[in-house]
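There are 4 protein chains.
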Amino acid sequence: MSNSSRWSEYRYRRRVQFHEVDGAGIVHFTWFFRYMSEAVHALWRAAGLSVAPPGSDIGFPIVATAFEYRRPLRFEDEFEVRIRVVEMKKSTLRYACVISRGRERIATGSLTIVCVRKQPDRPLKAISIPPDIAGRFRAAPDPHFTKEPRQ
Amino acid sequence: MSNSSRWSEYRYRRRVQFHEVDGAGIVHFTWFFRYMSEAVHALWRAAGLSVAPPGSDIGFPIVATAFEYRRPLRFEDEFEVRIRVVEMKKSTLRYACVISRGRERIATGSLTIVCVRKQPDRPLKAISIPPDIAGRFRAAPDPHFTKEPRQ
Amino acid sequence: MSNSSRWSEYRYRRRVQFHEVDGAGIVHFTWFFRYMSEAVHALWRAAGLSVAPPGSDIGFPIVATAFEYRRPLRFEDEFEVRIRVVEMKKSTLRYACVISRGRERIATGSLTIVCVRKQPDRPLKAISIPPDIAGRFRAAPDPHFTKEPRQ
Amino acid sequence: MSNSSRWSEYRYRRRVQFHEVDGAGIVHFTWFFRYMSEAVHALWRAAGLSVAPPGSDIGFPIVATAFEYRRPLRFEDEFEVRIRVVEMKKSTLRYACVISRGRERIATGSLTIVCVRKQPDRPLKAISIPPDIAGRFRAAPDPHFTKEPRQ
Numbered sequence: 001m002s003n004s005s006r007w008s009e010y011r012y013r014r015r016v017q018f019h020e021v022d023g024a025g026i027v028h029f030t031w032f033f034r035y036m037s038e039a040v041h042a043l044w045r046a047a048g049l050s051v052a053p054p055g056s057d058i059g060f061p062i063v064a065t066a067f068e069y070r071r072p073l074r075f076e077d078e079f080e081v082r083i084r085v086v087e088m089k090k091s092t093l094r095y096a097c098v099i100s101r102g103r104e105r106i107a108t109g110s111l112t113i114v115c116v117r118k119q120p121d122r123p124l125k126a127i128s129i130p131p132d133i134a135g136r137f138r139a140a141p142d143p144h145f146t147k148e149p150r151q
Numbered sequence: 001m002s003n004s005s006r007w008s009e010y011r012y013r014r015r016v017q018f019h020e021v022d023g024a025g026i027v028h029f030t031w032f033f034r035y036m037s038e039a040v041h042a043l044w045r046a047a048g049l050s051v052a053p054p055g056s057d058i059g060f061p062i063v064a065t066a067f068e069y070r071r072p073l074r075f076e077d078e079f080e081v082r083i084r085v086v087e088m089k090k091s092t093l094r095y096a097c098v099i100s101r102g103r104e105r106i107a108t109g110s111l112t113i114v115c116v117r118k119q120p121d122r123p124l125k126a127i128s129i130p131p132d133i134a135g136r137f138r139a140a141p142d143p144h145f146t147k148e149p150r151q
Numbered sequence: 001m002s003n004s005s006r007w008s009e010y011r012y013r014r015r016v017q018f019h020e021v022d023g024a025g026i027v028h029f030t031w032f033f034r035y036m037s038e039a040v041h042a043l044w045r046a047a048g049l050s051v052a053p054p055g056s057d058i059g060f061p062i063v064a065t066a067f068e069y070r071r072p073l074r075f076e077d078e079f080e081v082r083i084r085v086v087e088m089k090k091s092t093l094r095y096a097c098v099i100s101r102g103r104e105r106i107a108t109g110s111l112t113i114v115c116v117r118k119q120p121d122r123p124l125k126a127i128s129i130p131p132d133i134a135g136r137f138r139a140a141p142d143p144h145f146t147k148e149p150r151q
Numbered sequence: 001m002s003n004s005s006r007w008s009e010y011r012y013r014r015r016v017q018f019h020e021v022d023g024a025g026i027v028h029f030t031w032f033f034r035y036m037s038e039a040v041h042a043l044w045r046a047a048g049l050s051v052a053p054p055g056s057d058i059g060f061p062i063v064a065t066a067f068e069y070r071r072p073l074r075f076e077d078e079f080e081v082r083i084r085v086v087e088m089k090k091s092t093l094r095y096a097c098v099i100s101r102g103r104e105r106i107a108t109g110s111l112t113i114v115c116v117r118k119q120p121d122r123p124l125k126a127i128s129i130p131p132d133i134a135g136r137f138r139a140a141p142d143p144h145f146t147k148e149p150r151q
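Chains as they are written, first to last, in this note's numbering: chain Z, 1 to 151; chain R, 1 to 151; chain C, 1 to 151; chain L, 1 to 151.
Worth flagging that the hints you see were computed from the coordinates, not collected in a lab. Don't be surprised by glycine CBs; every beta carbon is placed ideally from N, CA and C. Be aware that a few hints might be false.
As the list claims (entries may be wrong) - Example chain L residues on the side facing chain Z (calculated, C-beta under 10 Å, incomplete):
| # | residue |
| --- | --- |
| 1 | GLY23 |
| 2 | PHE33 |
| 3 | ARG34 |
| 4 | ALA42 |
| 5 | GLY59 |
| 6 | PRO61 |
| 7 | THR65 |
| 8 | ALA66 |
| 9 | TYR69 |
| 10 | ARG70 |
| 11 | LEU111 |
As the list claims (entries may be wrong) - If you only want the chain L side, here are some residues facing chain C, beta carbon under 10 Å, derived:
| # | residue |
| --- | --- |
| 12 | HIS28 |
| 13 | PHE29 |
| 14 | ARG74 |
| 15 | PHE75 |
Claimed, not checked - Lysine-lysine pairs mimicking DSSO-like chemistry, simulated, CA-CA at most 27 Å apart:
| # | chain 1 | residue 1 | chain 2 | residue 2 |
| --- | --- | --- | --- | --- |
| 16 | Z | LYS89 | Z | LYS118 |
| 17 | R | LYS118 | R | LYS90 |
| 18 | C | LYS89 | C | LYS125 |
| 19 | C | LYS89 | R | LYS147 |
| 20 | C | LYS147 | R | LYS90 |
| 21 | C | LYS125 | L | LYS118 |
| 22 | R | LYS90 | R | LYS125 |
| 23 | R | LYS125 | R | LYS147 |
| 24 | L | LYS125 | C | LYS118 |
| 25 | C | LYS89 | C | LYS147 |
| 26 | C | LYS89 | R | LYS90 |
| 27 | Z | LYS90 | Z | LYS125 |
| 28 | Z | LYS90 | L | LYS90 |
| 29 | L | LYS147 | L | LYS89 |
| 30 | Z | LYS89 | L | LYS147 |
| 31 | R | LYS147 | C | LYS125 |
| 32 | C | LYS118 | C | LYS147 |
| 33 | Z | LYS118 | R | LYS118 |
| 34 | L | LYS125 | L | LYS90 |
| 35 | R | LYS147 | Z | LYS125 |
| 36 | L | LYS125 | Z | LYS147 |
| 37 | L | LYS90 | L | LYS118 |
| 38 | R | LYS89 | R | LYS125 |
| 39 | L | LYS147 | Z | LYS125 |
| 40 | L | LYS147 | Z | LYS90 |
Bound-form chain Z, shown alone (with noise of 0.2 Å):
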């Protein structure tokens, strides 16, 4: 399979529902982490996967994630979640996420996922990604991508 086949970045486009906003008026920080779930997702989908198929005794739980938020988001705001592909390693794949509103930077954010075998009340056990979820992603890292630019 040849890289150009492979993924390295999604564009995933969404509105604030009414639902994700909190008592002081913007999204509450949490919804965050879903919007750059989803969007992860919607990079599986793109690269005809699904990250959890049914009946798949392999699963991806996250290991790490983190935000820094720059900009609120209100109710019907639409804005756009851009994910990449910054690591890829035996078990993990680790994404980097900008949150942007037409032009301004709202949030930054980051995702690790590590490859488990799921067992019935056993502890999760990273596995190796399969060659055919590994061989449809590239990593792309890029120092700037979750950087400000200067003004």
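Here the structure of chain Z is known, so what remains is to put chains R, C and L in place on it, guided by the hints.
Leaving out everything else, chains R, C and L in the frame of chain Z:
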């Protein structure tokens, strides 16, 4: 097993969390269903049961639910969810629920669950509630339970 | 304004997100209320309105809502939320809702909202729906809307 | 006010609710941020404060947050969220957080909030934390707090 060891009612106490409050400054209406559901699960624990024990192949999805709202709840309010088994049939359990803050009635709800056997990638199929579960509860219908008292 | 420019119905498309699925592998029942609510807000946007414009001192809290569930939704399912204004009174609007996946009916719901004036630290008080909002909608009651069709 | 009346740490107890568990049968990673946030608000209440008192024109939005996950939490697990003020500056408060179930360390997190004046339809603007709030807390940095102990 005597009736006296069967459970009909439970009072569950809770405080409103910040992330449950919406952009209008009041608890989002969908949270009342989660409060009711938490109270049902607390009733099951009080009865020595879990609504979803690890590895179980039966489950209790919701078939119908409703809420009527009289007054809003706000951040950090302490409130009580009073839950009651009002009907028990072969496969279904119906609960009524009153949410109050101090002496103020806030909302009333209902929830009907059905016992199903879970089979991967197959439609859910209703089955009889197992005797070791049905035997822990007793329906206590009361037409006045969720009615607003006369002033 | 002619009736033809008034809105009675809207079809809202959505995909199930991973965080909406519960431990039983199906969409948690509370999410159906959020789907219905998102569809109502989309109907308002289609009619040129927002249910919560910035700085507005009126709001539309929910006074009653209900859902009946026939079949579960699962991760990545695409579905449609068809929402309809079935009653419009001086202060309240009532919606009916049908959620379907392809030709399968999944669930039916209802939602009643009331127009209130928001005053800090004061009880919510029902007021007449302003004419520029009421004039954008038309009730289209249909007893068959949420009924299961005969087989 | 003596240091002894200032708060640096709080232990908040919680049980996993059914709606917090995702399709993989474990608590969805976004819920850890809500657990941490609930613990911060409980610390504020213990200190005689509210993070969002009614009618207040100041607020404390999140500017940065992160979590690392070691083990999953499951339905009905009881766990503890230990929260600690690790840095206090003019406008910001930084918390560290350890989530554990019995003697097992589950996850570690951090949360930085900034004090802002809320003005309708205006960008949020950082201000100094008011003395009656700053005076209730004391930073207690501890590099070992969120480190995994040696085995």
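To see whether the hints hold, each was checked on the structure:
Annotation: GLY23 (chain L) was flagged as interfacial toward chain Z, and the flag holds, the nearest CB pair being 6 Å apart, inside 10 Å. Using the Cβ-Cβ criterion of 10 Å, the hint placing PHE33 (chain L) at the interface with chain Z is satisfied: the shortest such distance is roughly 5 Å. Of the supplied interface hints, the one on ARG34 (chain L) holds, with its beta-carbon coming within about 6 Å of a beta-carbon of chain Z, less than 10 Å. With its C-beta approaching chain Z no nearer than about 17 Å, ALA42 (chain L) sits outside the 10 Å limit, and its interface hint is violated.
The interface hint given for GLY59 (chain L) holds, since its Cβ lies 5 Å from the closest Cβ of chain Z, which is under the 10 Å cut-off. Interface restraint check for PRO61 (chain L): the shortest CB-CB distance to chain Z comes to about 7 Å, inside 10 Å, so the restraint holds. At its closest, the beta carbon of THR65 (chain L) sits 6 Å from a beta carbon of chain Z; the interface hint therefore holds under the 10 Å criterion. With 10 Å as the threshold, the beta carbon of ALA66 (chain L) comes within range of chain Z, its nearest partner Cβ sitting at about 4 Å, so the hint holds.
Of the supplied interface hints, the one on TYR69 (chain L) holds, with its beta-carbon coming within about 5 Å of a beta-carbon of chain Z, less than 10 Å. Taking 10 Å as the C-beta contact cut-off toward chain Z, the hint placing ARG70 (chain L) at the interface holds, the least distance being around 8 Å. Checking LEU111 (chain L) against chain Z by beta carbon gives a least distance of about 9 Å; that is within 10 Å, so the hint holds. The closest approach between the C-beta of HIS28 (chain L) and any C-beta of chain C is roughly 5 Å, which is under the 10 Å cut-off, so the hint is satisfied.
The interface hint given for PHE29 (chain L) holds, since its Cβ lies 9 Å from the closest Cβ of chain C, which is under the 10 Å cut-off. Against a cut-off of 10 Å between C-beta atoms, the interface hint on ARG74 (chain L) holds, since the closest Cβ of chain C lies about 8 Å away. At about 6 Å, the closest approach between the beta carbon of PHE75 (chain L) and any beta carbon in chain C falls short of 10 Å, and the interface hint on this residue holds. Restraint check for LYS89 (chain Z) and LYS118 (chain Z): satisfied, since their Cα atoms lie roughly 20 Å apart, inside the 27 Å limit.
At roughly 17 Å between alpha-carbon atoms, LYS118 (chain R) and LYS90 (chain R) fall within 27 Å of each other, so this suggested pair holds. Distance hint between LYS89 (chain C) and LYS125 (chain C) is fulfilled; the C-alpha atoms sit about 16 Å from each other, no more than 27 Å. Taking the CA atoms of LYS89 (chain C) and LYS147 (chain R), the gap is near 24 Å; set against the 27 Å cutoff, the hint holds. A C-alpha spacing of about 25 Å is found between LYS147 (chain C) and LYS90 (chain R), which places the hinted pair at or below 27 Å, so the restraint holds.
Taking the CA atoms of LYS125 (chain C) and LYS118 (chain L), the gap is about 25 Å. The hint holds against a cut of 27 Å. Proximity of LYS90 (chain R) to LYS125 (chain R) is assessed by CA-CA distance (about 13 Å); at most 27 Å being required, the pair is judged to hold. For the suggested pair LYS125 (chain R) and LYS147 (chain R), the alpha carbons sit about 34 Å apart, so the restraint of at most 27 Å is broken. For the proposed pair LYS125 (chain L) and LYS118 (chain C), the alpha carbon gap of about 25 Å is at most 27 Å, so the pair holds.
The suggested pairing of LYS89 (chain C) with LYS147 (chain C) holds, with an alpha-carbon distance near 23 Å, which does not exceed 27 Å. Our distance criterion of 27 Å between C-alpha atoms is broken by LYS89 (chain C) and LYS90 (chain R), whose separation comes to about 41 Å. At roughly 13 Å between alpha-carbon atoms, LYS90 (chain Z) and LYS125 (chain Z) fall within 27 Å of each other, so this suggested pair holds. A distance of roughly 44 Å separates the Cα atoms of LYS90 (chain Z) and LYS90 (chain L); the hinted pair therefore is violated under the 27 Å criterion.
Distance check on the hinted pair: LYS147 (chain L) and LYS89 (chain L) sit about 23 Å apart at the alpha-carbon level, within 27 Å; holds. Our distance criterion of 27 Å between C-alpha atoms is met by LYS89 (chain Z) and LYS147 (chain L), whose separation comes to about 24 Å. A threshold of 27 Å between alpha carbons decides the hint, and for LYS147 (chain R) with LYS125 (chain C) the separation of about 22 Å falls inside it, so the pair holds. Distance hint between LYS118 (chain C) and LYS147 (chain C) is unfulfilled; the C-alpha atoms sit about 36 Å from each other, more than 27 Å.
Between the alpha carbons of LYS118 (chain Z) and LYS118 (chain R) the distance comes to roughly 18 Å, so the proposed pair stays at or under 27 Å and holds. The hinted pair formed by LYS125 (chain L) and LYS90 (chain L) meets the criterion: a straight-line CA distance of about 13 Å does not exceed 27 Å. Between the alpha carbons of LYS147 (chain R) and LYS125 (chain Z) the distance comes to roughly 52 Å, so the proposed pair goes past 27 Å and is violated. This hinted pair checks out: LYS125 (chain L) and LYS147 (chain Z) have alpha carbons roughly 22 Å apart, not beyond 27 Å.
Distance restraint check for LYS90 (chain L) and LYS118 (chain L): the Cα-Cα separation of roughly 17 Å lies within the 27 Å cut-off, and the hinted pair is therefore satisfied. Among the hinted pairs, LYS89 (chain R) with LYS125 (chain R) is consistent with the structure: their alpha-carbon atoms are about 16 Å apart, no more than 27 Å. Restraint check for LYS147 (chain L) and LYS125 (chain Z): the C-alpha separation of about 22 Å stays at or below 27 Å, so the hint holds. Restraint check for LYS147 (chain L) and LYS90 (chain Z): the C-alpha separation of about 25 Å stays at or below 27 Å, so the hint holds.
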